[in-house]
Structure formats: structure tokens, C-alpha cells
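The opening position of the sequence shown corresponds to residue 1 in the numbering used here, with each subsequent residue numbered one higher.
Check the hints yourself; a few may be wrong.
What the hints assert, rightly or not - Here are the simulated PhoX-like cross-link-like pairs (lysine-lysine), alpha carbons at most 20 Å apart as the crow flies: (1) K10 / K57; (2) K57 / K17; (3) K55 / K35; (4) K35 / K17; (5) K10 / K35; (6) K26 / K55; (7) K10 / K26; (8) K17 / K55; (9) K57 / K26; (10) K10 / K55.
Rather than coming from a laboratory, the hints here were simulated on the basis of the structure. In this text the structure is predicted, and so the values were computed from the model without any measurement.
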Amino acid sequence: MSEVVLSACKDLIDDAKIGCADMVFKDVCLDILSKARLVLDNEEFEDLTVFVAEKMKEERFSGSGRRIRVR
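Start from the sequences, fold in the hints, and give me the full structure.
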């Protein structure tokens, strides 16, 4: 069951990455992580934190086509 929760969390983070401004995205990630900590085992939670960290480091594109580096 927790594998389904992990997959759902990753899907939510992917959706937030596409549809949210940078600060909102980070806030959503923190909210998801805090809730996921309560239901995932340690290994799955670690997997999710690595996934979130990679998403935060990915480059974003603004409407003008310029690259914006997320740190």
C-alpha cells in the first residue's frame, strides 16, 4: 500500500513542478514530505526525498524561453 502512496506523492510533485511558481512548488514539496513521513517507511521516504531534491535542482523555463536554474 505504501508503494501506491509513494507513487502518488511523486505524481503530485511532478504536477506541482509543471504548474506552480518556484516558491509555491517548494512549499508544496515540503507539505507533501511532511505528510508522507507519517505513512512511508524509511526507505520509501528516503527515495521520495531524493526525488524531490532532484526536481528542485532541475532547470525551469520561463515564458520567454530563458533557462532559470533552481537552487
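Cross-check of the supplied hints:
With a CA separation close to 15 Å, the supplied pair K10 and K57 stays within the 20 Å bound. A distance of roughly 11 Å separates the Cα atoms of K57 and K17; the hinted pair therefore holds under the 20 Å criterion. Note on K55 and K35: the hinted pairing holds, with a Cα-Cα distance of about 18 Å set against a maximum of 20 Å. With a C-alpha separation of about 18 Å, the suggested pair K35 and K17 falls inside the 20 Å cut-off, and the hint holds.
Proposed proximity of K10 and K35 is supported: the alpha carbons are some 13 Å apart, at most 20 Å. Taking the CA atoms of K26 and K55, the gap is near 10 Å; set against the 20 Å cutoff, the hint holds. Straight-line distance between C-alpha atoms of K10 and K26 comes to about 14 Å, which keeps the hinted pair within the 20 Å bound. As the CA atoms of K17 and K55 are separated by approximately 7 Å, the hinted pair is consistent with the 20 Å bound.
Between K57 and K26 the alpha-carbon distance is near 11 Å, which keeps this suggested pair within the 20 Å criterion. A hinted pair counts as satisfied when its Cα atoms are at most 20 Å apart, and K10 with K55 qualifies at roughly 10 Å.
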